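Chains as they are written, first to last, in our numbering: chain U, 1 to 250; chain W, 251 to 939.
One should not assume that every hint holds.
With a straight-line Cα cutoff of 27 Å, these simulated DSS-like cross-link-like pairs (lysine-lysine) come out [said to hold, decoys possible]:
1) W/596 - U/52
2) W/761 - U/16
3) W/596 - U/16
4) W/716 - U/16
5) U/16 - U/32
6) U/232 - W/716
7) W/572 - U/50
8) U/18 - W/716
9) W/596 - W/282
10) W/761 - U/194
11) U/18 - W/691
12) U/144 - W/880
13) W/716 - U/198
14) W/252 - U/2
15) U/2 - U/32
16) U/226 - W/596
17) U/144 - W/655
18) U/52 - W/655
19) U/242 - U/50
20) W/716 - U/228
Cβ-Cβ distance ranges computed for the label pairs, FRET-style [what the hints assert, rightly or not]:
21) U/24 - W/758: 42 to 50 Å
22) U/183 - W/510: 21 to 29 Å
23) W/936 - U/146: 57 to 65 Å
24) U/164 - W/662: 18 to 26 Å
To list a few chain W residues with every Cβ distance to chain U over 10 Å, as calculated [as the list claims (entries may be wrong)]:
25) 265
26) 290
27) 320
28) 457
29) 463
30) 470
31) 485
32) 591
33) 665
34) 669
35) 675
36) 676
37) 679
38) 680
39) 728
Just so you know, the hints here were simulated from the structure itself, not pulled from any lab data.
Just so it is clear, the structure is predicted and the values come from calculations on it, not from any experiment.
From the three backbone atoms N, C-alpha and C, an ideal C-beta is built for every residue, glycine too.
Spelled out, the chains give:
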Amino acid sequence: MKILVTVKRVSDPEAKLKIKPDGSWIQTEGVKFVVNPFDEIAVEEALRIKEKQTGEVVVVSIGDKVVTEQIRAALAMGGDRGIFVNYTGAYDSYDIANILQKIVEQEKPDVIVLGKQAVDDDMGAAGFMLAELLGYPQAAFASKVEITDDKKKARVTREIDGGLEVKEVELPCIITADLRLNTPRYASLPNIMKAKQKPIKEVTVDALGVAVKPRVTVKKLTEPPKRKGGVKVESVQDLVTKLKNEAKVI
Amino acid sequence: MKSIATAIVLIAAFGYFFYKVVTLARYVLLGKPENRFDRIGTRAWRMIRNAIFQLANFKRPKGDILYAGIMHFLIFWGFMILLAGEIEILAGGLVPGFTFQFLGYPLYNIFIFSQDFMATMVLLAIVMSLARRFIEHPAKLNYHFGSYLILGLITGLMLTLFVMNVSNGVNPDEPVSHAVNWMLFAGTYIKLFHVTHPLSGVTYQVIWWAHVLMLMFFLDFIPNSKHLHLLGAIPNNFFVNLSEKTMQLQPINFEAEGVETFGVSKFEELTWKQLLDGAACTECGRCTADCPAWNTGKPLSPREIILNIKENMKANGPKILKLKQGEKLPDDQRSALLADEAEGEKRIARRKESPTIHETAVSISPQELWACTTCGACQEICPVENEHIRDIVDMRRYLVMTESKMPQELSATFRNNDTNGNPWGLGSDARMEWAEGLGVKTMAENPDAEILYWVGCAGAYDDRNKKIAIAFVKLLQKANVNFAVLGTEETCCGDWVRRAGNEYAFQALAKQNIETLNRYKVKKIVTACPHGYYTLKHDYPEFGGTYEVIHHSQFIQQLIKEGRLKPVKAMEKTVTYHDSCYLGRHNNIYAAPREAVSAVPQVRMVEMKRSHANSFCCGAGGARMWLEEKEGDRINRVRTAEALSVNPDVIATACPFCMTMIDDGVKDKGVEDNVKVLDIAEIVQRSLE
Chain U
1 MKILVTVKRV SDPEAKLKIK PDGSWIQTEG VKFVVNPFDE IAVEEALRIK EKQTGEVVVV
61 SIGDKVVTEQ IRAALAMGGD RGIFVNYTGA YDSYDIANIL QKIVEQEKPD VIVLGKQAVD
121 DDMGAAGFML AELLGYPQAA FASKVEITDD KKKARVTREI DGGLEVKEVE LPCIITADLR
181 LNTPRYASLP NIMKAKQKPI KEVTVDALGV AVKPRVTVKK LTEPPKRKGG VKVESVQDLV
241 TKLKNEAKVI
Chain W
251 MKSIATAIVL IAAFGYFFYK VVTLARYVLL GKPENRFDRI GTRAWRMIRN AIFQLANFKR
311 PKGDILYAGI MHFLIFWGFM ILLAGEIEIL AGGLVPGFTF QFLGYPLYNI FIFSQDFMAT
371 MVLLAIVMSL ARRFIEHPAK LNYHFGSYLI LGLITGLMLT LFVMNVSNGV NPDEPVSHAV
431 NWMLFAGTYI KLFHVTHPLS GVTYQVIWWA HVLMLMFFLD FIPNSKHLHL LGAIPNNFFV
491 NLSEKTMQLQ PINFEAEGVE TFGVSKFEEL TWKQLLDGAA CTECGRCTAD CPAWNTGKPL
551 SPREIILNIK ENMKANGPKI LKLKQGEKLP DDQRSALLAD EAEGEKRIAR RKESPTIHET
611 AVSISPQELW ACTTCGACQE ICPVENEHIR DIVDMRRYLV MTESKMPQEL SATFRNNDTN
671 GNPWGLGSDA RMEWAEGLGV KTMAENPDAE ILYWVGCAGA YDDRNKKIAI AFVKLLQKAN
731 VNFAVLGTEE TCCGDWVRRA GNEYAFQALA KQNIETLNRY KVKKIVTACP HGYYTLKHDY
791 PEFGGTYEVI HHSQFIQQLI KEGRLKPVKA MEKTVTYHDS CYLGRHNNIY AAPREAVSAV
851 PQVRMVEMKR SHANSFCCGA GGARMWLEEK EGDRINRVRT AEALSVNPDV IATACPFCMT
911 MIDDGVKDKG VEDNVKVLDI AEIVQRSLE
């Protein structure tokens, strides 16, 4: 069974981000970059499927040369090989879906696992678009994944409002990973060392035959307004008056 | 005839004994090299003091340990002295009529006195031992057949000796009869019961042979039982860890070529000293009796760690010895040292069912390894100087680095730490936020600072511990100390990372911090965290970072002594101080925190039942801070209950982990309105003008 899994390089969610003076993007100096946490969960799930079924896990990432760090991190967890799509310009979710479509057509994986969204822009659209482009069934926001014994279907549990939904999708399919799907493993040292030798194939968007034309662009980033300090009220009466007159909530 | 028979018995018994001992020694020597041959004089003295003077058995001379210590003293010295008599008996079997009479009478009389006296003392010790086993019945002991066999053999040996002494005492043909008045007990027996005739020749020979055969059986039983400690314990006291580095975790060279596994999953990957520990173990159970994990219902028994390694060595040793050097035994042909989680679950179930009976096995399960808080109580009390912690960490290393098998929450914490340099996983750029508005300078801003204050992750990120960092900074400012911090250049010191077995990540952290510290030419470091203290002081020198490291309790006490801090405001409170394992047992700092608190006017200090070297862990050491505590009672609840039992107003701590655990414990009991948990820095700071 071949499993394709995607990883996106994102700024560390714990880092305090500063916006560039022109508001075009964040300042990247001194910021640590990591594998998108939902993608890490996707990698873990891909590895678990592989360990049960035997097969291969292929890791894909798009960006400039530095994203190979994130591919290596996924390979250190146990991925078998990487595909690095070298593209340094701007792109949107639809471009990603287009690129991934071409890679899926080449690789023909049985299962494609993505993080449900990237924690930097929180778009969460690429998985759906990819399913649409490929015409594959999809199970988004998975909290449990089982491959059926005949290896023809995936049984996916999703957390929905007020309960769980269990879906069965035919392979090949697209699964996007939710937070509670699993806890990603910590790479063992021999695997970290082996990952350095694992192949990463570099491809360009031109070679894939994709013309990147972002239809969504970032116009401006602004920081959220600073929270103003609160005030202590003297009495309940005071509070009621303020809520009525100043906050106008009662 | 008798000479030939004796010779055959002796050759067979000693032959078997030496064969077994040499075989065991060869197994031990399969271990990796380790230098325990420095400071020979100190080692020799430790051995004499602990073994010959038997101080090893009086480490905490109270209750059962005192009782057992006296018992052991009698048996040890009984056997040392009776050895001379046994030589006489065996030589007499080989050469008819041989005695030590040639020594001359004054000396021979003393010899006769000593044999009679010590034989009776040993019998007394056996009675003490049986009383202990049947009446006191301590849970820490092993009650297996071997123990009773040994007690039975010793009783048999002493009784036959006594009967022979009585018979010889009234036999004018025996030289003993001339010294009968020197035999305190046999002599009294003769008088009391008017014994006049020696035993008949045949009866005497039967008793003589019973004695000799029991003695030889005992000899051969030694290498096959816990009595192997007769051979292992004394050398183990010589090869004791003399360094201040209590855990002796060995750095791994990750640059080495061709190394594919890290840590220990096979007995021969331990050092010879770690293997010798098994031979030294007497199964006294003091380690397990003091272990916070065992005492709260976890499957970990430190004694079984040592014993199971020994059993694994005995199970695999023959196969490994047979193989040529360099050749490896296929893993499926050996008994695994590391059991799987399923086996661990079985042991957890067994622990729940029978809290007193431990079973030795050839393997150790991950659940046992992860239960250890590295508090060091086991090592502290061990009479034969066994080192349990590094065995556990060595095996954790294998699980973490080679197999990546660890509790889920730990892998998440490792990830946090790898990315942001702190186990909470908060942004590395937020490390200085605690100090906002305090006017604290970084080393970059104040390169001439005399003292570097190592804030540590807890002081920088944990809300409760931030308050302690702030209190300590106010103290330093009050005392006009020229200090600085590393600010965002500081990263996790790596304490829990190393204890958790992630040596690879630890070395990266250590090297990064040492590079920073050396760049600022830091000489003196003060820290409020005993874990950082241990790591900076004892672990960093291995990687080129040597500093004078001071714990804040010592520093505060010093400032008070010098008059630079004057606690004047009275605190009319009862305070009990909880000893941090890493400050106390691992660094011998007991007085400084107590003196600092006592300097506050009107403070009443009370001690908990277990304090100082006998203190009970809070449950957070050895990376346990980041692990869920699923089995049994929570260690912090047990310790908090103990603290509350002395009715304190304040529980004082000197460690951020202890603070968190005890604070949680107090809240858990719902008494946080009446009992405050304060760091010693906070107590002293509140007392300043």
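Violated hints, by number in ascending order, as checked against the structure: Those not satisfied are hints 3, 7, 9, 13, 14, 15, 16, 19, 21, 33, 34, 35, 36, 37, 38.
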